[in-house]
Structure formats: C-alpha cells, structure tokens
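Peer 1: Assemble the complex: chain U is given as a structure, and chain F must be docked to it using the hints.
These protein sequence lines map, in sequence, to chains U and F. For the first sequence, my numbering puts the final residue at 361, and the numbers step up evenly by one. For the second sequence, my numbering puts the final residue at 1099, and the numbers step up evenly by one.
Hint data in this document are derived by calculation from the structure and do not stem from the laboratory. Think of the CB as a built atom: it goes at the ideal place given N, C-alpha and C, for glycine as much as any other residue. Among the hints, erroneous ones may be present.
[Claimed, not checked] Each pair of labels, with its calculated beta carbon distance range:
| id | chain 1 | residue 1 | chain 2 | residue 2 | range |
| --- | --- | --- | --- | --- | --- |
| 1 | U | Arg-340 | F | Ile-844 | 50 to 58 Å |
| 2 | U | Pro-112 | F | Phe-1075 | 21 to 29 Å |
| 3 | F | Leu-946 | U | Val-338 | 36 to 44 Å |
| 4 | U | Thr-188 | F | Arg-951 | 34 to 42 Å |
| 5 | U | Val-207 | F | Asp-966 | 39 to 47 Å |
| 6 | F | Ala-1058 | U | Ala-206 | 56 to 64 Å |
| 7 | U | Val-124 | F | Asn-866 | 51 to 59 Å |
| 8 | F | Leu-778 | U | Leu-147 | 41 to 49 Å |
[Said to hold, decoys possible] Covered stretches of chain U (in silico footprint by chain F; criterion: 3 or more residues with CB under 8 Å from a CB of chain F, positions within the stretch not fixed):
| id | region |
| --- | --- |
| 9 | 147-160 |
| 10 | 336-342 |
[Unchecked claim] These stretches of chain F come out as covered by chain U in the derived footprint (C-beta under 8 Å, 3 or more residues):
| id | region |
| --- | --- |
| 11 | 919-925 |
| 12 | 999-1011 |
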Amino acid sequence: MTATARSLTSTTTATPSRRANRIGVFGLALVMVALIVLLQNSGSSVWQGIFTNLGMFIILVASLNLASGFTGVFSLGHIGFMALGAYLAAILTLPLETKAAYLNRLPAWLAVVHLDMMVGPFPLGFLLATIIAGLAVALVALLVGAVLMRLSGNFVSVATLGFLVIVRVVLINADDFTRGSRTFSNVTPYTDLWWVYGWVAVTLYCVWRLKNSAFGRAMFAQREDVAAAQSIGIVIMRPRLLAFVLSAFFTAVVGSLWGHFITSFSPNTFYFDLTFRVITMMVVGGMGSVSGSVIGPVIVLAISEGLRRIEDSTQLYGISGLVLAILFIIIVVARPGGLLGDREINFGWLGRLARR
Amino acid sequence: MNLTNYALQQILNALSIGSLYALMAVGLAMVFGILRLINFAHGDVMMVAAYIAFFCLSAKMPLWLTVIIMVVGTVLVGIVMERVAYRPIRNAPAIAALLTSFAVGQILQNGTLLTTRFASKPVQIAFPAPPELSGTVALGALGVSRVNLIAFLVGPILLALLTLFITRTTLGLSMRATAEDIGAAQLMGIDTNRVIVLAFVLGAGLASIAGLLYAVQAGQINPYLGFTPVLKAFIAAVIGGFGSISGAMLGGYALGFLEVLLTALPGLGDILPASSTNPALIAFFKTYLPGTLTSYRDAFVFVILILILLFRPGGILGTAETRR
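Bound-form chain U, shown alone (with noise of 0.2 Å):
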C-alpha cells in the first residue's frame, strides 16, 4: 500500500529526482573504484580480503534477496548452488598437468578441457568458465525449481535445505569429479577485487532493473497476497521460477569468484554455516531492497571481522556467532522486515551535492 502511495507521490518529480539518484549512484560507483585503485595497490592483504569477501557476499545476498526477498519463497538452499558452481568452474580451469595428476578419473572429454585465465590477449578464460559454471547451475535451478516452487511457506524452505543436503551427499560421492570430501585444492587464484566489484556491478544492475519490471512487481505482488495477484492475472509460478533460475546463476557465479579466491575448499566449506551468515546479512539489510544487499554485509561482516580479532587474541571462539544470533532475534522482533524492508536508499542527495 505505502510503496504504491510512495511511487505515485515521486511520479510527478520523477525525472530530475530520479536523474540526482543516478547521478548519486555514478558518484559512488567512482568512489568505489578509485578504493579498489587504492586497495590493489597498498599491498595490504588483510583489506583486500576483507572487501573481496564483502563484494561475495553482497552478490550472495543480492541473489538470495531476489530468489526469497522480492518473492517471499524462502531458499535454504542457495549456497548448494554455490558449492556446485565452485566445483564446476575450478574443474574447467584446473591446469591440465594438476588434473592428470590429481583427478585421473575424470571423463575424457572434461580431462582435456583447460580455460586459462588468458584466451590471446584477452582475461576470457576466467570469465568463460565462470559463466558457463553459471549457466550449467541455473539448468540445475530451474529443474529444480520447477518442482520446488510449486511448495509455499515454510514447506519450500525445508525442501530446499532437502537440496542443500542432497547436493552436499553428490558432491561426497561424486569422489571421480570433487576428490569426494578430500580438500579440493591447487586451483588458480583468478580473483581479485576487480573480477568481484565487476561482478557485483552486474549483480546488483540487474536485480535493480528487475526489481522496478513487470516481473518484479509480480514478484513482489504474489509475495503480498497469492490470491489477490493471481486474481489480477499474475501467474504466480513465472516470476517465482525466474527469480530462482536467475539468483541461481549469479550465486554460482559468487561460487566461481570463491573458488579462485580460497583456492582449496571441500563440500563442508558450503554447508549451513555459510547460509545462515548470508541469511543473517539478507535479514539485517533488508528482505527485498537492493541497497539493503550491500547495507547487510558490510554490517554483519564489519561486527564479525571486528569480533573474530577478540576471538583470535583470546581464543573464546563462538563469540561472534553468538553476537550474531542474538543480532538476528533483535532484528526479526523488532524490525520483521529487515533495516530497510523492501524500500531502497535513494542517492538523489549525493546527486545534488554533486551539481552544486
């Protein structure tokens, strides 16, 4: 009701203030790669970790935001696609001797596969693998959501926390491709901060422009009321099964930009520790807004990354999970919505600060 009231108030001001947002978002977008100019060139490894972590994890709850955020079909099983597409994209750019020496049983065909970061003068390879890995994944989400979406409430959650675990059981067993539950290690450290604030660029572009399209507003219409958006001709499966397939992808995207950060990972690296973190950011930024995407991690992870100095120093780990839990019940009571709900942070000031 407010957001239709909100959007009908802003339509008569609506190109110069939307202009000043645009402006306000460019502004920050600069600012953002005159920092990751900075950070690539200070040499400081801890800061460069710090914020390629956060751009993972605003991609991460940017996806899941759109997949349960904008439709209220609550995923537990995101990171499952992560672990899928970490596995995939590391198995296509494995240097071809590591393979043989390492994963001797894998089928000819992908034995002889080898994307390496440089296709002529071009970073292709990386790219190429990523997005294949991405597309492979969202075939996998849309069969699997096809099934999945038709369930509702808190049945869809554990049905996909069902896939969570069904994943994690292939990816052990499936020891000829992933090692099993063995380290999968050796792979090339490909990432750096521009692969993930470019990734995120695209992530966030996207989410934003579907949010304020037709389907995004089905999206948020059938999350609402099912009977009253179908009753005006919404069919509610498209635009649920459209933002599953496509959180999908870029979640296995994130997964690609993990793999070829850490480098060595195993099946327990993507398991329930890392869906509730990213569930946690997606609660305290905001379930639905895009601006909350960012707004959550850097939140959650500026505590955790603060409280995990105090546990390394005095060895008191659970601190910070604890600290976080107690985060997470404070928001859902007080704010159910998460900081932001599903409003967006308008950069119309920073515009206008700008044209000054």
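Peer 2: Only chain F this time, still in chain U's reference frame:
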C-alpha cells in the same frame, strides 16, 4: 552370516534408530501443531542434553543422577528458549519464526562452543559411555549393542506415557484443544501460554533422552551434532503428517525402517549365500544395488521428503490437504 539373523539384526537396528527419531519428532510435532513453528533449534536442544550428560559423567556422577540433571537442565533450556525467542514473534510470519529458530540454534551451538572453550575442552570430545549403556548383550544368536536395546525399549515406553498424558489428562486435553484452534481454546478459558510452555517442556525432555542415547551411539560429541537429527526428525514428522503427535511417532519408526532398508539392501549381493540363492538375484543386487549406493542414503531420504511434501502433504496416513 545367517540370513534370518541378519534380517532380525536389521529390524532391531531399525526399531532403535526409529525410537530416537520418534522421540525427536514428537517434540517438533507438538510445537508445530500449536504454533505452526518448525523449531529447528530442537536438534541443538538435544545437543545441549548430550553436553550436560558429558559434564555430569565426567564428574563421575552415577547414571540416574546424570539423567535427572540432564532432563531438568534441558527442559530449562526449552523454557528459556520459548520465553525469550519464540514468544515475542508469535504473531510474526511463519518464515520469521523459522529463521528465528535457526538463530536460536546458532546461539545454543555457539554458547556450547564457548562453554567448551572455558572448560578448555576440544571441539570434538569423546563421550564417556556409562557402563550401563555400553557393551553388547547376547540375544539368542544375536549380539546387540546395549544402547540400541535400551533405545528400542525406552522409546516406546516414553511415547506410550506421552500418549497417555495427552489422551487421558486434563492438561493433555487442553493441549489438544490448543493445537486444534488456539483462539477458541483461549476463549474456553485455557491458559494457552501454559500449554505452549508445556509443549516445549515435553519436547525438550524427550529430546534430552534421545540426545544421551545418540551421544552414546556416536561415541563422540561436538556442538554441531544436532543438525542431522533435527532434519531426520523433521522428515519423520512430515511422513506422519506434520503436527500430529501419533503420526510423528509412526513417522519416526517408518524413517528408521526406511534408512535401514536403504543401508541394508544395497550390498545384499555380497551377503546372500552364493550356494543357496538364485545367481540371477545376486547378479541383480550387484548390478543395480551395489554396496556403494549406501553412502547416498541421506540423499534418497531427502528426495523422499520432497516427494511427500509434493504429493502427500498431509503425511502417509493423512488426507490430501490443499495447502502445503
């Protein structure tokens, strides 16, 4: 090994695993029946029980005292959990409640982790099985581990007591009324808050017994051990039609049998006596149900969960509901 004995052994395994699942599942079902809340922290309640038992047994307390302290301690955790986390969000959307239960689980896990740090214990601890629960018992030609036998006996006894309580006492009646319609129950003068606390108390109590038996069976404990059991209990409750207490008991045993079947059937080709069995049968098992399939058990179980949610949301006995 004699095939009859093998089958008997497996049936006993199924019944003892089933008892654990049923003890866990009724707790989930009671709370869901009243509040429509899937309490995922239930597995962590069970984990807390295992830790309380660990600290008591390490202090050389006898088993009976350990059990009393464990049940009381776990029930207190259940009460605090309801009061602090679940009561404020009682009218929140189902998803918010589900997410809160995950957060509660995280608090219990990290709280336990922190406690073990203060007690300077490692994350993974060997569980000191009391003599009453360890070793094997000879049952005819079968050697049965004592803890399995006890689970097999204790499960049905506790569940029968619970059933008596729910069907034969006034408090049980008010519990059923509240599950039927919380608003109407309130209008009839039932203190629904008390009933809800009672559901958490009973659930935590039963989960604590399951936790002790589980810890003895596993031989070691860590703060994350509750995750798989709560998922299994959830499946058991879904099989039985979510929210129905007798359904959850039945679902627990059904899941126990299903799991044992999924473990025992693959690999049967290696066990069947080659002299007396049709070689075609052995070949069939070796080709289509090789022993390696066993490790996919959990995946199959979850596929079955999803199938039930899709096609029989009211459980295997229930009527087809329209909402799921």
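Peer 1: Now look at each hint and say whether the structure bears it out.
Peer 2: These are the hints, each one checked on the structure:
1. U:Arg-340 with F:Ile-844: 50 to 58 Å: With Cβ atoms ~39 Å apart, the hint is violated.
2. U:Pro-112 with F:Phe-1075: 21 to 29 Å: Distance hint for Pro-112 of chain U, Phe-1075 of chain F holds at roughly 25 Å.
3. F:Leu-946 with U:Val-338: 36 to 44 Å: Hint violated: Cβ distance 29 Å, outside 36 to 44 Å.
4. U:Thr-188 with F:Arg-951: 34 to 42 Å: Distance hint for Thr-188 of chain U, Arg-951 of chain F is violated at roughly 51 Å.
5. U:Val-207 with F:Asp-966: 39 to 47 Å: 56 Å, violated
6. F:Ala-1058 with U:Ala-206: 56 to 64 Å: 58 Å, holds
7. U:Val-124 with F:Asn-866: 51 to 59 Å: 57 Å, holds
8. F:Leu-778 with U:Leu-147: 41 to 49 Å: 46 Å, holds
9. 147-160: holds (count 8)
10. 336-342: Contact hint for the region 336-342 of chain U vs chain F: holds, 3 residues under 8 Å.
11. 919-925: violated (count 0)
12. 999-1011: Our answer is that it holds, as 3 residues pass the Cβ test (under 8 Å) against chain U, meeting three.
Of the numbered hints listed earlier, those contradicted by the structure are 1, 3, 4, 5 and 11.
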